[in-house]
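Novice: Following the hints, position chain B against chain A.
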Amino acid sequence: GAGVSQSPSNKVTEKGKDVELRCDPISGHTALYWYRQSLGQGLEFLIYFQGNSAPDKSGLPSDRFSAERTGGSVSTLTIQRTQQEDSAVYLCASSQMTGATEAFFGQGTRLTVV
Amino acid sequence: SQQGEEDPQALSIQEGENATMNCSYKTSINNLQWYRQNSGRGLVHLILIRSNEREKHSGRLRVTLDTSKKSSSLLITASRAADTASYFCATDSGGSNYKLTFGKGTLLTVNP
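Protein chains in written order, with our numbering: chain A, 1 to 114; chain B, 1001 to 1112.
Misleading hints may appear alongside valid ones.
Claimed, not checked - Simulated restraints, written as ranges between beta carbons of each label pair:
1) G72/A with S1028/B: 25 to 31 Å
2) N1052/B with V74/A: 31 to 37 Å
3) G1094/B with Q41/A: 22 to 28 Å
4) V74/A with E1055/B: 17 to 23 Å
5) N10/A with S1012/B: 29 to 35 Å
6) T1077/B with R64/A: 31 to 37 Å
7) Q41/A with V1044/B: 15 to 21 Å
Claimed, not checked - With a straight-line cut-off of 27 Å between C-alpha atoms, the simulated DSS-like cross-links for lysine-lysine are:
8) K57/A with K1104/B
9) K1104/B with K11/A
10) K57/A with K1099/B
11) K1070/B with K1104/B
12) K1056/B with K1099/B
Hints in this document: simulated from the structure, not taken from any laboratory.
Beta carbons are placed, not taken as given, at the ideal position from N, Cα and C, and that holds for glycine.
One chain only, chain A, in its complex shape (with noise of 0.2 Å):
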């Protein structure tokens, strides 16, 4: 595609539910990173994947939080059991692995649990 989508855009979920966050990267891209941010805040590294490399999940919050990556390409965040202190915007990124790695960014998930 022409840019990283994500998707939904909005998500208002009420507390104790699951929720799924997707992001669909720039073709052939493949680095793959989430990050949250909470309002008026910076970003919060989640989980990077790197290639075929193991990846690094360091950033994770709990365990209500996981990710993965299916085929090298889309992405799905999944938040378990999801508490007020979730509500965030969720923002994805890709990038080529060829040492100059900026990074591009989706538009994001806006988070609300109520």
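Specialist: Structure of chain B alone, referenced to chain A:
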């Protein structure tokens, strides 16, 4: 944990003035990048500087890198109201790890 720390946290200037934002980081880097974010959504890449470079220009943007001080600065010259946004620096360690780590950002307001 966040690698970069930008300062100031917020900066307000008049149109036509120059804006300087700084970024400090803790560990050795391969590349340092600056990004811009409007309205709390997707970030847009502005400029990348490699660890063996000291200065880079792109239009009204000038970036410097001082690896001995582990710091970088972003200068926007002749600012415009449309430059109002949050600006973030991001670093990667290179080698086999291209993970980008972002700072907390500087909110720039350019008043018309």
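Novice: Which of the stated hints cannot be reconciled with the structure, identified by number in ascending sequence?
Specialist: 4, 6
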